[in-house]
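Student: Chain order of the listed sequences is A, B and C. To convert, note that position 83 of the first sequence is 83 in the working numbering; the numbers rise steadily by one, no gaps. To convert, note that position 122 of the second sequence is 122 in the working numbering; the numbers rise steadily by one, no gaps. To convert, note that position 83 of the third sequence is 83 in the working numbering; the numbers rise steadily by one, no gaps.
Please note that the accuracy of each hint is not assured.
The list cannot tell twin chains apart, which means a pair is met if one copy fits it or any two copies do.
To be verified - Straight-line C-alpha distance at most 25 Å; calculated SDA-like pairs for lysine to any residue:
1. Lys74 with Thr119
2. Lys37 with Tyr82
3. Lys37 with Gly122
4. Lys84 with Pro62
5. Lys15 with Asp26
6. Lys84 with Leu23
7. Lys74 with Leu32
8. Lys84 with Arg30
9. Lys84 with Met66
10. Lys74 with Asp91
11. Lys74 with Asp8
12. Lys74 with Gln144
13. Lys10 with Lys74
14. Lys37 with Ser16
15. Lys84 with Gln145
16. Lys37 with Pro81
17. Lys37 with Glu69
18. Lys84 with Thr25
19. Lys84 with Gly122
20. Lys15 with Gln145
21. Lys37 with Gln144
22. Lys146 with Leu23
23. Lys84 with Gly113
24. Lys15 with Arg136
25. Lys84 with Gly118
26. Lys37 with Lys84
Worth flagging that the hints you see were computed from the coordinates, not collected in a lab.
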Amino acid sequence: MSNQTVWDQKIITLKSRSRGFHLITDEITRQLPELSKIDVGWLQLFIQHTSASLTINENADPTVRMDFESHFSKFVPENAPYYKHDYEGADDMPAHLKASILGCSIQIPVSRGSLLLGTWQGVYLGEHRDFGGSRRLVATLMGQQK
Amino acid sequence: MSNQTVWDQKIITLKSRSRGFHLITDEITRQLPELSKIDVGWLQLFIQHTSASLTINENADPTVRMDFESHFSKFVPENAPYYKHDYEGADDMPAHLKASILGCSIQIPVSRGSLLLGTWQGVYLGEHRDFGGSRRLVATLMGQQK
Amino acid sequence: MSNQTVWDQKIITLKSRSRGFHLITDEITRQLPELSKIDVGWLQLFIQHTSASLTINENADPTVRMDFESHFSKFVPENAPYYKHDYEGADDMPAHLKASILGCSIQIPVSRGSLLLGTWQGVYLGEHRDFGGSRRLVATLMGQQK
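Pulled out of the complex, with its shape left as it was, chain A reads as follows (with noise of 0.2 Å):
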């Protein structure tokens, strides 16, 4: 009865984006209600893309995406001489290196029905190709019940 495990798992399907940093928290938590019943666990969020990617960082002043975007098209850049993959275009390559630099998923911590972000923090998706279309992730929440 008390301390049951409860999980729950779907997929939400993400809106196109352009290219470059997009903060997604809100986005995520409204289609997650049941986030609210758990007492104690973990909400991980997985994408099911390899030339996008999710990670955590500051929420507030958007010039922060935009730095992200600067820095990594300048140092994972298009065209290097030495990729062989380019059939798939010039951003097809780098896209597949930033996915794997910040990591197709995360996992934060919940206590008492929320998420246990810092208060900077919030998630971002990376969306490393020209016109990559809506993406899918999977939300595994798994948490005692409260």
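Once you have looked at the hints, place chains B and C on chain A.
Tutor: Then chains B and C, alone, in the frame of chain A:
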């Protein structure tokens, strides 16, 4: 009876591989027959080394893995003038850095007995030493039984 | 009775440290006596900041940590001409980038009351600000009781 939480944890020893990135999804799942019993859950893979990494990326074209090796070897160079840790060989300090940039663990959602990977996603071993030898992973599977 | 799932979640406040990489394995485990009760499970550490990071790397030679600081400060430079987010100081935007490259959380498998780290693995705090102050971690331990 219903909703029972199941745990399975084992050490998987990966055979010795050359420096570079290697697709190991099948080698891993073959050793996890318990996966088929999980209705909803997670598989975590954790590599117990500091000069190899785990990441998820494109499972089809092998040139992606080649480009990963080219890129990381350029942006995490050998013999950088600022390295102090050099007595284990020129490939050692870059290997430590690559291990942390890419990460030592991945966690994959499980649904109805299968990994919930995207169509193009596979598990990569990043072998960052010239002669890294065999590598040990801890595979921890946890979920609700079917 | 048997197979009971146990949760323990707490905030750990890390003392203020200088910019660079710091080994914090012992400081963390000393504050987690509940670890000894877990037969199989996970410990997740999640830092509630966007200018510090957590990663796992070599626990022995301190020059590895020094080389981490040298490398990341070169490849994620201060005062890059493309930064727009600069009003919090030259160390701020690079700190956000390093936080996402390295990540804000780690998850370690637990077996028979101990962390299943490899022989040479330890937990690093990456302090990416010049004066970051004390840092808050959420430690979430979950597993099956012995």
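Student: Hint by hint, which ones does this structure get wrong, listed from lowest number up?
Tutor: Hint check: 1, 2, 7, 8, 11, 12, 13, 14, 15, 16, 17, 20, 22, 23, 26 fail, others pass.
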